[in-house]
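Peer 1: Chains A and B, in that order, give the protein sequences. For the record, in the first sequence the residue sitting at position 341 is 341 according to this note's numbering, with numbers rising by one throughout. For the record, in the second sequence the residue sitting at position 143 is 1143 according to this note's numbering, with numbers rising by one throughout.
Hint data in this document are derived by calculation from the structure and do not stem from the laboratory. All values reported here derive from a predicted model rather than from experimental measurement. Please note: incorrect hints may appear among the correct ones.
To be verified - Some but not every residue of chain A turned toward chain B, in silico, with C-beta under 8 Å:
#	residue
1	I42
2	V44
3	G48
4	R49
5	R60
6	I61
7	L196
8	Q199
9	I208
10	G211
11	N213
As the list claims (entries may be wrong) - Below 30 Å or equal to it, Euclidean Cα-Cα: the simulated DSSO-like pairs (lysine-lysine) are:
#	chain 1	residue 1	chain 2	residue 2
12	A	K143	A	K347
13	B	K1107	A	K204
14	A	K129	A	K179
15	B	K1114	A	K200
16	A	K244	B	K1005
Note that beta-carbon positions come from the ideal geometry of N, C-alpha and C, so glycine has one too.
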Amino acid sequence: MAKKIVVDPIPRIEGHLRIEAKLNESNVIEEAYSSGTMWRGIEVILKGRDPRDAWAFTERICGVCTTVHALASVRCVEDALGIDIPANARIIRNLMNATQVTQDHLVHFYHLHALDWVDVVSALKADPKQASVIAQSISAWPKSSPGYFKDLQQRLIGFVDSGQLGIFANGYWGHPGYKLPPEVNLIAVAHYLEALDFQKEIIKIHTIFGGKNPHPNYLVGGMACAIDPNSDTAINIERLSMIKKIIDDTQTFIDQVYIPDLIAIAGYYKGWLHGGGLGNYLSYGDFPETTLADFKTLLWPRGAILGKDLTTIHDVDPRDAAQVTEEVSHSWYTYKGGDGKGLHPWKGETTPNYTGPKPPFQYLDTDKKYSWLKTPRWKNNPMEVGPLARVLIAYAKGDPMIKDTVGLVLSKLEVGPEALFSTLGRTAARGIECKQTAGFMRHYYDQLVANIKTGDYRTFNSERWDPDSWPKECKGFGYTEAPRGSLGHWIHIEDEKIKEYQIVVPSTWNASPRDVNGNIGAYESALKGTPVANPDQPLEILRTVHSFDPCLACASHLFDMNGNEITSVKIV
Amino acid sequence: MKHSKINIIGLGNTLHGDEGFGVAAVNAFRESSSYPESVSFIDGGTQGVYLLDFIESCDALMVFDALIPLEYDRGVYVYRNEELPAFIHRKMSSHQMGFSELIGVAKLRGRMPKELVLIGIPPRELELSLNLSAEVSGLLPEAVEKGRAIVDSWLSAEE
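In isolation and in its complexed conformation, chain A is listed as follows (with noise of 0.2 Å):
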């Protein structure tokens, strides 16, 4: 009798991913069906608006990309009115994109998906002195003494036995897919709690460009900050070496800390390579050193995989019409001309059209319309986005740092690049592109101060600010490498007003459902053929589905004064 399970984290207001997974007799998934359970509408919300604004609605769409989104939007914006920003605009934006990236990839290893390796409560089991000892042998990271985990054990004891294990309190602890010892899982815990320190000191680059954060200032045609090497309240020489010692430690920290926790960890999971799913790969390619349209120069290359052929890179276009498209043959939309025919999202279409069960309800009727995610596609494939694919992308064009740094986390695991097409491998490939965004962080800091020094303070391009001097119709494409995949948002201007916003975000490609011809998305290949040890508790699901990094109706917030749970698991 096949067993269903469903994962549905947030079951009232907040509509979030859900999953509902089919197994066979031994408990494998069968087949897998991913479902966003909120509408986003910030695409009604823009219409009629300003563009210049649309920046600061779309950075309320996500609760961790804002930037991402204020990004892009203004891009887009940009590209219409063929505005050309100052190259103190450029190595800003590449500059805080890299500080959002290297913090995003480092919270999400450690904050989020490193309890799905990493087995809490089998930490406080382990004998300090030997962590302090598999510590030293991996690292050169001076947190290590046995006195170190000697206290941090007892700290952790204290809070478990105090009845609030608070943030670890859903985990699976002792769940049979866990395999790490308690020396390494009292590593990895002392490490996520150092993280926190480390996240909080990047994201300052932010407050120093953006004037504040969270939500810092983004502003069509530049950058809002003014740069004046002698001025108390400008970019100065003070608030560039405090940028500099954040990137020096940053840099330390990943090398020291994530990198050799990354390969320990991965180390005893290598004979877990389930997840790889679709073998497709899109990147629309980020971190221009001239201007977007010249992709050529994107230190993050532009490019399409197709059935993990790593021999053939395809070109990428976006803009055309044929390429990028959104149907809603499984989604709760209508198109005028037909749900399965694909729209480019410059002539995209928002019309909500819920179908689904009445909640509360058990299942969704998968063969019919089942989620609020539109079904993105490149060319008719389905693809996956976000770091797996943009590392295979550039180790595929021969990108020398990912080249070097894949090969060194392959031989150390002592496992060919095949490894890579799996729920470890995205993993990996996060921690590979982490430490190579830390790296463009410096580079685009060396490039702020050369450019400094040479008397250019501009930030600001007003040429086109005024409306008077827009066309009185034009389209724009403004794209971004969000930490988690591809994000284009496609815009229609006209007498001065947004006409049509469109935004497709990376969740979105890998969380898709399937579409008119039944091509399944990225999740939903991803968990087929993964055993489930216990369906009471699908670690493994949840595994494989945070190696995507998901960020879905992007986001509610509501405090449950009850307590609720929120991931609830039912069983069939």
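Add chain B to chain A, keeping to what the hints say.
Peer 2: The following block gives chain B in isolation, referenced to the frame of chain A:
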């Protein structure tokens, strides 16, 4: 006891009607106040782990947010310190930690503020909208005044 650093954070999604109550309250509070620099107003939006620094960097923390005790009547609710239940959210889908998880992290790290106050209103409308409902909008001044009375007491030497 006088607190040397006070942070006032508004949480919520401003695109979803009353979900934006916390941010609206903090903005209204900021505009109607002239506190010393030791008092900071923070539009926290729907941020997760970014907010940890604002929790850990103060002696007294005030949070404005929409509440969902669905059985509760509409009104302004104030919870202080241990009155806040130890609620836990494992947010599988949204990338970030929830605010309650951040409180847990701050506790584990021994960096909790001495005072913690949550001021909330159960939401009425959560549909896509940039505005608060009339009902929640009507309660907003009361929420701000309740917050102001507490911050004033924090700033006075007596408490």
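Peer 1: Output the numbers, in ascending order, of every earlier hint that fails for this structure.
Peer 2: 3, 4, 9, 10, 12
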